[in-house]
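Chains as they are written, first to last, in my numbering: chain A, 1 to 86; chain B, 1 to 278.
Derived from the structure by calculation, the hints contain no laboratory data.
Check each hint, because a few of them may be wrong.
[Said to hold, decoys possible] List time: in silico DSS-like cross-link candidates among lysine-lysine, alpha-carbon distance up to 30 Å: (1) 87/B / 46/B; (2) 8/A / 19/B; (3) 18/A / 87/B.
Nothing here was measured: the structure is a model prediction, and the numbers come from that model.
Each chain is listed here by its residues.
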Amino acid sequence: MRDYWLSKLFFDLQDPAKAAEYRAGRAQVLARYELDPQVRAAVEADDVAYLAPRVNPYLLRFYFLVAGMSEEEFLRRIRATGGNNG
Amino acid sequence: MAELAGIYAASHGPLIIRKWDSVQPAHQQALTGAFTELGRRINAAKLDALVIISPDHWVNFFIDNLPMICIGVGETHGGPNEPWMMKEFPHQTLPGHPQLARHILDTALESGFEPSVSQRMILDHGFCIPLLKAGIAPLPIVPVVFNDIEPPFPSVRRCYAWGEMLARAIRSMPGSLRVGVLASGGLSHSVGEATMGLVEEEFDRECLAHFGAGDPDALCDFLTERLPRVGNGGSEIRNWVAAHGAAGGRGFDLINYSAVPEVIVGCGFAAWNPVRQA
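Please build the complete structure, drawing on both the sequences and the hints.
As structure tokens, this is what we get:
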């Protein structure tokens with residue numbers, strides 16, 4: 001099951017202006033989304049394993065590019081989940 | 001009536017554009033050769049319009065409204081909005097073909113399909129990478145989005161039947177248009193999941209053998225069973241299945257297959273020789 005507001009956040013950050021705003025200060029952007037506290041904490045902690053089953057994999061991958069995680073680090077973390085997040 | 005003048009398929013993948021310089025020279029040569037041959041065939045067909053079947057990579061649709069199939073019926077469509085693609089793609093808009101699109105829509109509705117309709121679709125890299133890399137001369141586009149990206153997906157058999165319907169629609173379109181069909185996507189790839197980066201060459205080659213064997217039932221059975229167990233990008237092979245349906249399940253001609261780990265895609269390129277109607 002997808003988390004709607006998490007998915008909406010990642011979807012909206014495809015807009016370069018919103019992505020720039022997010023990179024400049026996450027809290028202000030996160031406040032606009034009705035994220036469950038655990039989900040928000042996972043976003044703030046860059047917790048790939050927690051977020052992966054809750055959002056489409058394409059949006060997940062895109063989000064961590066926007067958030068500034070290196071491709072190598074994302075690959076390391078997503079491969080470590082070992083699970084099906086589709 | 002219009003003629004179904006050519007049916008084609010090509011892979012796409014952002015890294016073909018974004019990290020081209022990182023692709024090994026041998027793979028660059030294979031991809032360039034394949035795109036060039038695809039473009040040569042499409043341009044030689046002297047098409048008046050091209051129906052492109054591609055996924056939507058979260059550009060037009062979101063999980064609050066995610067059609068299984070959508071037809072772009074507008075006069076004009078937006079070009080890609082991905083910043084890296086906008087730098088490379090020379091057009092901000094692409095012309096549609098509303099008359100052909102509307103005829104396909106009407107035929108679909110009369111045939112038991114209920115597609116969504118878009119009056120103006122943004123054509124992301126799935127549509128535009130083949131147009132760009134194959135050097136396809138500008139022509140009106142009828143975009144068709146298949147949901148290949150977020151479960152639940154249209155069934156493989158439904159995609160095949162859509163292709164059969166598409167061929168009937170094109171061939172019953174009044175006038176003398178020459179129309180092509182291009183499936184964009186596949187073959188195996190995995191994005192944002194634990195197997196990310198894995199190219200499943202053995203699966204791809206088995207899949208291509210099924211396309212070549214001319215047994216649509218066996219192809220549909222194979223993909224229905226295997227697609228849930230390969231990387232998520234493999235879902236885009238549904239678009240190839242629709243092209244295969246448009247060709248009546250015959251005439252598959254593989255232009256090139258290359259497993260290209262640098263772009264994390266099993267890259268396939270093909271054409272079908274459509275069965276001419278009496």
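Structure-based check of each hint:
no.: 1; hint: 87/B / 46/B; result: 28 Å, holds
no.: 2; hint: 8/A / 19/B; result: 28 Å, holds
no.: 3; hint: 18/A / 87/B; result: 20 Å, holds
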